[in-house]
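Protein sequences appear in the order of chains A and B.
Heads up: the first sequence begins at 1 in the numbering used here, then just goes up one per residue.
Heads up: the second sequence begins at 1 in the numbering used here, then just goes up one per residue.
I should point out that these hints are in silico values taken from the structure, not numbers from a laboratory.
Ideal placement from N, C-alpha and C gives every residue a C-beta, glycine not left out.
Where hints are given, some of them may not hold.
What the hints assert, rightly or not - Here chain B is said to cover these stretches of chain A; the calculated rule only asks that three of the stretch's residues, wherever they fall, bring their Cβ under 8 Å from a Cβ of chain B:
(1) 23-33
(2) 106-114
(3) 119-130
Stated by the list, open to error - Part of the chain B face toward chain A, derived, beta carbon under 10 Å:
(4) 30
(5) 35
(6) 121
(7) 127
(8) 154
Number of protein chains: 2
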Amino acid sequence: MSDVRARYALGHATINQALGRFADRHLLQVAEPVGEAIRYSLLGEGKRMRGLLVLSAYHAAGGTGDAAELAAAIEVVHAYSLVHDDLPCMDDDDMRRGRPTVHRVFGIAAATAAGLAMVPLAALCAAEAARSLALDDATIGAIVGELMQASGAGGMIGGQLLDLHGEGRPLGLSELEQIHRAKTGALIMAAATIGGRAAGASATRLQALAQYGAAVGLAFQIADDVLDVTATTDQLGKTAGRDLALRKSTYPALLGVDGAKTRAAALILEGCRALDEVGLLTPAMEGIARLTVERTS
Amino acid sequence: MSDVRARYALGHATINQALGRFADRHLLQVAEPVGEAIRYSLLGEGKRMRGLLVLSAYHAAGGTGDAAELAAAIEVVHAYSLVHDDLPCMDDDDMRRGRPTVHRVFGIAAATAAGLAMVPLAALCAAEAARSLALDDATIGAIVGELMQASGAGGMIGGQLLDLHGEGRPLGLSELEQIHRAKTGALIMAAATIGGRAAGASATRLQALAQYGAAVGLAFQIADDVLDVTATTDQLGKTAGRDLALRKSTYPALLGVDGAKTRAAALILEGCRALDEVGLLTPAMEGIARLTVERTS
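From just these sequences and the hints, can you work out the full model?
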């Protein structure tokens with residue numbers, strides 16, 4: 001596992017560098033404070049789990065280029081979702097990744113605009129990144145399309161609203177899964193398939209990557225819910241216990257902490273099996289799946 | 001001019017049909033009320049000026065296909081901007097195009113999410129539309145990229161924030177122009193160049209279309225400011241006199257109503273000249289420029 005961890009550390013660093021290059025390339029001409037707010041959001045500490053998934057899927061499927069910018073483009077969408085999630089009209093959170101949230105630093109209007117602007121920014125960055133990998137234009141189009149699909153009303157943005165609507169009223173397990181498959185799952189699934197697509201993976205392999213992404217994405221959200229109950233604010237770098245405070249339905253509330261952990265573990269197994277069947281279960285892909293549920297923040 | 005008006009009427013109808021097809025294709029699986037809110041926003045009455053500009057530029061540059069879906073994709077971005085502009089945290093408006101604004105019907109959270117989701121939706125629709133015109137993948141990528149650029153922090157979204165920041169404090173003419181070149185101008189410019197690009201226009205012609213779009217876009221905003229002072233709420237389909245109520249800096253305030261009209265007319269002339277030099281000044285392109293300033297709503 002230590003080789004894999006070294007690879008993650010390297011991937012993490014190259015993704016951060018790529019995010020810095022995006023900021024330098026695209027934000028210099030953006031009016032302040034929006035440009036600064038986007039930069040702050042992009043360059044904060046993050047696990048870069050979605051980006052690492054792009055890299056790992058790319059390498060698993062035989063890609064040999066530098067996919068760091070492609071990985072970073074997915075992180076732009078993820079960073080956007082955090083900016084908006086933290087807004088007073090959403091989860092109303094003051095801390096994220098150990099720092100004040102974007103709207104606490106730059107104000108609500110700038111944070112809202114910054115988040116908004118990050119969706120088209122991600123589309124531009126993904127297209128540039130795919131071009132830099134010398135992919136053909138049809139694949140570039142498919143990758144940008146997949147990222148936009150995962151970001152849109154049927155994916156993350158739609159999921160955020162469902163999540164908001166769910167606050168303060170009890171949800172059943174299937175309703176909760178529906179929310180999280182859209183809100184968290186769509187982008188994690190896209191990370192896996194976009195990595196594979198950039199490496200020219202076959203339709204069968206893309207299908208397996210999608211299955212893996214969907215399962216790991218849901219496990220990730222379950223782990224998030226568990227951590228909100230079991231971890232401290234210091235460990236999380238964001239306020240712990242928010243779900244209870246917001247009266248959100250969660251997996252631990254529905255299944256108990258142990259039940260939720262069991263469900264997450266089963267999902268990881270399911271995702272890894274799907275990859276194994278098509279020869280894509282590399283140590284890195286298995287490691288990310290495990291980290292998803294074994295993390296402490 | 002009556003041939004041109006008949007062509008606009010036809011274009012208007014085909015754009016509306018294309019918007020309806022987008023809604024049918026993309027919104028059925030979107031969670032309510034977001035899907036319904038997007039549909040409401042897309043299918044409201046509108047001048048479709050940006051869409052007509054795509055069509056006219058496409059035909060001026062020799063395009064012979066059906067560019068209605070491409071035109072409609074631009075209107076998706078425009079519709080998004082209206083949804084967010086009307087929100088309480090922005091202009092706080094109750095009426096738009098003669099109907100209650102989206103947040104008045106569906107609530108603030110749904111309106112916010114709907115607007116957010118319309119940017120990636122527009123990217124998907126533009127790519128589909130460009131593909132249906134059998135454009136090569138590089139051109140499709142350039143068109144989607146141009147639309148995202150116009151939508152992003154350097155364009156419309158950045159301009160909206162500048163606009164918000166400008167409320168309640170006096171702006172000089174150059175600052176006001178900077179806001180409007182971003183907020184209104186970027187998308188109108190993109191409409192002109194995207195139409196040209198889809199028809200395979202040369203770099204010189206694209207440059208002229210950009211000049212025309214920038215000039216007409218600014219004239220459009222000046223005319224908007226003038227109408228806010230001179231027209232009634234009934235004529236506008238939205239609340240008149242909002243600029244004064246919001247203490248916004250406007251062209252009539254800085255130049256007087258007549259001075260603003262003179263400036264708009266000069267911009268129209270400038271834009272048309274740029275097109276004339278490269279053989280693109282068709283009656284439709286000239287007509288749209290004139291309508292921009294001669295409209296009553």
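So, going through the hints one by one against the coordinates:
Only residues whose C-beta sits within less than 8 Å of a C-beta in chain B count toward coverage, and the segment 23-33 of chain A has 5 of them, enough to reach three; the restraint holds. With 6 residues having a beta carbon nearer than 8 Å to a beta carbon of chain B, the segment 106-114 of chain A meets the requirement of three or more and the stated coverage holds. Check on the segment 119-130 of chain A: 6 of its residues sit with their Cβ under 8 Å from a Cβ of chain B, so the three-residue criterion for coverage holds. Taken as an interface hint, residue 30 of chain B checks out: its beta carbon lies about 4 Å from the nearest beta carbon of chain A, inside 10 Å.
With its C-beta approaching chain A no nearer than about 7 Å, residue 35 of chain B sits inside the 10 Å limit, and its interface hint holds. Annotation: residue 121 of chain B was flagged as interfacial toward chain A, and the flag holds, the nearest CB pair being 6 Å apart, inside 10 Å. A least Cβ separation of about 6 Å between residue 127 of chain B and chain A falls short of the 10 Å threshold, and the interface hint therefore holds. Hint on residue 154 of chain B holds. Least Cβ distance to chain A is approximately 5 Å, under the 10 Å limit.
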